[in-house]
Amino acid sequence: MKLNDITIGKMSDSEIIRRVLGGEKELFEILMRRYNQTLYRVIRSYMTVEGDVEDAMQEAYLKAYEKLDQFKGTAAFSTWLVRIGMNEALQKIRKNKRIFFIDEHAEASGRIFLLPDNGQMNPEKNVIKHETRLMVEKSIDQLPEKYRVIFMLHQVEGMNNTEISAALDLTESNVKVRLYRAKKMLKEELFKQSVDVSAFEFGNCRCDRIVQFVMDRI
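In full-length UniProt numbering, the protein residues as written are 1 to 218.
Warning: the hint list may mix true and false statements.
Here are the simulated DSSO-like cross-link-like pairs (lysine-lysine), alpha carbons at most 30 Å apart as the crow flies [to be verified]:
1) 183 to 138
2) 146 to 63
3) 67 to 95
Hints are computed from structural coordinates only; laboratory data are not their basis. Small disclaimer: the values here were computed from a predicted structure and weren't measured.
Please construct the entire structure, taking both the sequences and the accompanying hints into account.
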């Protein structure tokens, strides 16, 4: 069966996993494309160098594929994948002895992403949107790690406290406290106007590159 013939949106994660374990490894691509954005945002919470983030994503997907038979389904696949991604990011940080920093040349490096132009935004609005995105991402980067991860998962990725609690192995009350402090640090009033779900986007050719790398190795 060709991947293009599959009604991707109607296939559950559990069905895809069952079929991948049954030998249809090409279906793993569906899971990757379904969760690329989530995995990117999680790992990006720990690492700021884009090349390192993509490397960690690739390794996380390979490990997820290799250990797929260990997934018991007691939690969502996305939660299981998030934990693998977090562990991979932390391992790379420890290995390379890197610290978080603000990339002063972020704009030139292409790390900041513009909203797609739907023809309704004039140049002035595009500039404002771009400058706001730059400010938001830099501000998030300055948060301590334990607050940055919580903020990204909740405010940017849209996970609820229960999901975050399971992914990070924290109590829900701890999640709530960290989220409150993160918002306070980021001056909540500013972010209510500027943060949206398209911050820290990961898609198009970059998504394809990650998928191709992993599919060539499984």
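Taking the hints in turn, this is what the structure says about them:
Annotation: proposed proximity of residue 183 to residue 138 holds, straight-line Cα distance about 15 Å (limit 30 Å). As the CA atoms of residue 146 and residue 63 are separated by approximately 24 Å, the hinted pair is consistent with the 30 Å bound. Between residue 67 and residue 95, the direct Cα distance comes to roughly 22 Å. Compliance with the 30 Å bound is thereby established for this hinted pair.
Consistency with the previously given hints is maintained throughout, with no hint failing.
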